[in-house]
Amino acid sequence: MSIKVQIRKKLGGFLLDISFQSGSRRIGILGASGCGKSMTLKSIAGIETPDKGYIEVEGHTLFDRERRINLKPQKRNVGYLFQNYALFPTMTVEKNIAAGLEGSRTEKEARVREMVKKFQLEGLEKRLPGQLSGGQQQRVALARIMAYEPDVILLDEPFSALDMYLKDRLQQELMEMLADYKGTVIMVSHNRDELYRFSEELLVIDEGHIAASGETKELFRNPVSREAARLTGCKNFSRVRRVDAHTAEAADWGVTLRTTREIPEDIQWFGYRAHDFVPVWGDRGENMLRFDLESSALLPFERNYYLRPGICWFVQREKIEELDERGMPDYVLFREDKILFLK
Amino acid sequence: MEEMMEILKELDWSPLFISIKTGIVATVISFFLGIFAARKVVKASPGKKAVIDGILTLPMVLPPTVAGFFLLLLFSRRRPFGEFLFEEFGFKVVQTWLGCIIAATVIAFPLMYRNARAAMEQIDVNLVYAGRTLGMSDTKIFWKIIVPTAGPGIASGTILTFARALGEYGATSMLAGNIPGKTGTISQKIAMVIQDGDYLTAGIWVVVVMIIAFVVIFLMNLISGKKMKNIGRW
Numbered sequence: 088m089s090i091k092v093q094i095r096k097k098l099g100g101f102l103l104d105i106s107f108q109s110g111s112r113r114i115g116i117l118g119a120s121g122c123g124k125s126m127t128l129k130s131i132a133g134i135e136t137p138d139k140g141y142i143e144v145e146g147h148t149l150f151d152r153e154r155r156i157n158l159k160p161q162k163r164n165v166g167y168l169f170q171n172y173a174l175f176p177t178m179t180v181e182k183n184i185a186a187g188l189e190g191s192r193t194e195k196e197a198r199v200r201e202m203v204k205k206f207q208l209e210g211l212e213k214r215l216p217g218q219l220s221g222g223q224q225q226r227v228a229l230a231r232i233m234a235y236e237p238d239v240i241l242l243d244e245p246f247s248a249l250d251m252y253l254k255d256r257l258q259q260e261l262m263e264m265l266a267d268y269k270g271t272v273i274m275v276s277h278n279r280d281e282l283y284r285f286s287e288e289l290l291v292i293d294e295g296h297i298a299a300s301g302e303t304k305e306l307f308r309n310p311v312s313r314e315a316a317r318l319t320g321c322k323n324f325s326r327v328r329r330v331d332a333h334t335a336e337a338a339d340w341g342v343t344l345r346t347t348r349e350i351p352e353d354i355q356w357f358g359y360r361a362h363d364f365v366p367v368w369g370d371r372g373e374n375m376l377r378f379d380l381e382s383s384a385l386l387p388f389e390r391n392y393y394l395r396p397g398i399c400w401f402v403q404r405e406k407i408e409e410l411d412e413r414g415m416p417d418y419v420l421f422r423e424d425k426i427l428f429l430k
Numbered sequence: 659m660e661e662m663m664e665i666l667k668e669l670d671w672s673p674l675f676i677s678i679k680t681g682i683v684a685t686v687i688s689f690f691l692g693i694f695a696a697r698k699v700v701k702a703s704p705g706k707k708a709v710i711d712g713i714l715t716l717p718m719v720l721p722p723t724v725a726g727f728f729l730l731l732l733f734s735r736r737r738p739f740g741e742f743l744f745e746e747f748g749f750k751v752v753q754t755w756l757g758c759i760i761a762a763t764v765i766a767f768p769l770m771y772r773n774a775r776a777a778m779e780q781i782d783v784n785l786v787y788a789g790r791t792l793g794m795s796d797t798k799i800f801w802k803i804i805v806p807t808a809g810p811g812i813a814s815g816t817i818l819t820f821a822r823a824l825g826e827y828g829a830t831s832m833l834a835g836n837i838p839g840k841t842g843t844i845s846q847k848i849a850m851v852i853q854d855g856d857y858l859t860a861g862i863w864v865v866v867v868m869i870i871a872f873v874v875i876f877l878m879n880l881i882s883g884k885k886m887k888n889i890g891r892w
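Protein chains in written order, with our numbering: chain A, 88 to 430; chain B, 659 to 892.
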């Protein structure tokens, strides 16, 4: 299992310049819309052609500009799950699954039956895609891809068009369905939760280039760059004036922070996640910030406070009660182990 | 009433058969050519698209007599191409049934092409990409996915093409003429008898044309209606 990608493509004023290689079975690509993540997937599938570079999957070269290799999508053996599933609307479920199959009629039928069973589509064989629910459509689309036994499966924002309730269930379902798939799966999304749950390795793409990459959980713990931190959900940033190896002034927050970890010399930003603040009543200690409450928002399971100077503090349900009981705290504490050192 | 029965008894039905035959042949030719042209145009670059589309749509916009003029220029045996066709293959176009077919096809073709194209352009391009990544050849994608998905649009294009080909008058009268039993179509018959002031015979042919038109449209709606049952109602 390996994939190597190094591509460049110019699109008007936008430059896509992506390069990564990975041996992971589950790769996530995180980025805002229009950052080039879909274009990357489409280049791997052969739907788009990069201007330069190469793409290699499992040791097969799919594209190499210099060696003038550019396999047709039909020859790449890459499965692509489209956001809208792209089921063929005039074909029944069976015919959709059989669409890409080759071989004799009986072989095809056997394969379709196997897929129908595996993806729990029994009884739906004769239905048209328009008569299926969103979840059933996803299963058909995946069955259609898996029937063809691709080397790689590419998932292009598979959940972004779904409502919250369905999304959670379909994510779980998709993970289960992919569990015994031996090949590489690459999922593109703008949703950090989806990718946190799905991927072993994560690439963060910002404006056409890779802002950070690494093991998913580690990348969330230490996103390294400001862009990666922002895309992984960090809400608070401050410029840094480094005093010494363990002390630095957070200029935008107006507080001096001390850490036991060594602050790297090339640090430019502190990041701090909105959920990580600790309320403090009473005396001021180290790494504490005095604030003014600007506004607040009530969510079903959370309360969001917007503090001056420009800080978001998200309080989860169990803590809300404490706040209701004791009133607003005098200070918020930066837990030193949660402070992100960013470039 | 008696007068009408008298006319009906002695009526020469050949215009009916000539018109229907011409309509069917012209529709079949336009159907394949139109779909083929639509496919080419949908895949072409924007610049090419505009030029080709303009040329293909021209016969619909121009008066049929202008199309007839060009067809005569092309196929007359006193012109190089017409002479070549006759000398090499023995094809006579002017004043023949072949002329009826060519005139009807040229005039009706844009309806097929434009409807097929509009229907194809509505199709989600991801269907094509999905087909490709599943290993389907472009030809297979076209006939198994694009054409069925564009089915309702293609069906309505076919109805309009047939109706137009059936009723073609201007270009046909110039290219094929009105030879009874050979190139005399219903439209030409109606025009001719009206000139003689024979409104009764003209009326009979008008009724015949209207019946054909209703039957065709009804049949096609029935077919495309079935195909469209998975498409939502407004």
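Worth double-checking, as some hints may not be accurate.
[Unchecked claim] Think about it this way: if two alpha-carbon atoms lie no more than 20 Å apart in a straight line, the pair counts; the simulated SDA-like pairs of lysine to any residue are:
1. B:K707 <-> B:I781
2. B:K802 <-> A:R371
3. A:K182 <-> B:F800
4. A:K162 <-> B:I781
5. A:K97 <-> A:D151
6. A:K159 <-> B:A702
7. A:K182 <-> B:M850
8. B:K798 <-> A:K204
9. A:K204 <-> A:M262
10. A:K182 <-> B:G809
11. A:K213 <-> B:K802
12. A:K182 <-> B:L785
13. A:K182 <-> B:I781
14. A:K159 <-> B:D796
15. B:K798 <-> A:T179
16. B:K802 <-> A:E196
17. B:K802 <-> A:Y283
18. B:K802 <-> A:P176
19. A:K182 <-> B:K698
20. B:K698 <-> B:L714
21. B:K798 <-> A:S191
22. B:K798 <-> A:E189
23. A:K205 <-> A:G221
24. A:K162 <-> B:V786
25. A:K182 <-> B:K707
26. A:K195 <-> B:K802
27. A:K182 <-> B:L714
28. B:K802 <-> A:K204
Just so you know, these hints were derived from the structure itself, not from any lab.
Worksheet item: Holds or violated: are the alpha carbons of K182 (chain A) and G809 (chain B) at most 20 Å from each other?
Response: Roughly 17 Å between the alpha carbons, so the hint for K182 (chain A) and G809 (chain B) holds.
Worksheet item: Given the hinted pair K707 (chain B) and I781 (chain B), is their alpha-carbon gap at most 20 Å?
Response: 18 Å, holds
Practice prompt. For the pair supplied as a hint, K798 (chain B) and E189 (chain A), confirm whether the alpha-carbon distance does not exceed 20 Å.
Written response: 12 Å, holds
Practice prompt. For the pair supplied as a hint, K162 (chain A) and V786 (chain B), confirm whether the alpha-carbon distance does not exceed 20 Å.
Written response: Roughly 15 Å separates the two Cα atoms, so the pair holds.
Worksheet item: Given the proposed pairing of K205 (chain A) with G221 (chain A), does the C-alpha separation stay at or below 20 Å?
Response: 18 Å, holds
Worksheet entry | Pair hint outcome, K195 (chain A) versus K802 (chain B) [Cα-Cα no greater than 20 Å] | Distance ~17 Å between K195 (chain A) and K802 (chain B) Cα, so the pair holds.
Practice prompt. Could you grab the alpha-carbon distance between K162 (chain A) and I781 (chain B) and see if it respects the 20 Å cut-off?
Written response: Cα-Cα ~24 Å, so violated.
Worksheet item: If you draw a straight line from the CA of K802 (chain B) to the CA of K204 (chain A), is it 20 Å or shorter?
Response: At roughly 25 Å apart (the allowed maximum being 20 Å), K204 (chain A) and K802 (chain B) break the hint.
Worksheet item: CA of K802 (chain B) to CA of Y283 (chain A), is that 20 Å or under?
Response: Distance ~39 Å between K802 (chain B) and Y283 (chain A) Cα, so the pair is violated.
Discussion item. For a C-alpha distance cap of 20 Å, please report whether K182 (chain A) and L785 (chain B) respect it.
Written reply: Within the cut-off at roughly 14 Å; holds.
Fill in: 20 Å Cα cutoff - pair K182 (chain A), M850 (chain B)
55 Å, violated
Worksheet entry | Restraint status (C-alpha distance of K182 (chain A) to L714 (chain B) at most 20 Å) | 35 Å, violated
Checked against the numbered hints above, the structure breaks hints 2, 4, 7, 8, 17, 19, 25, 27, 28 and satisfies the rest.
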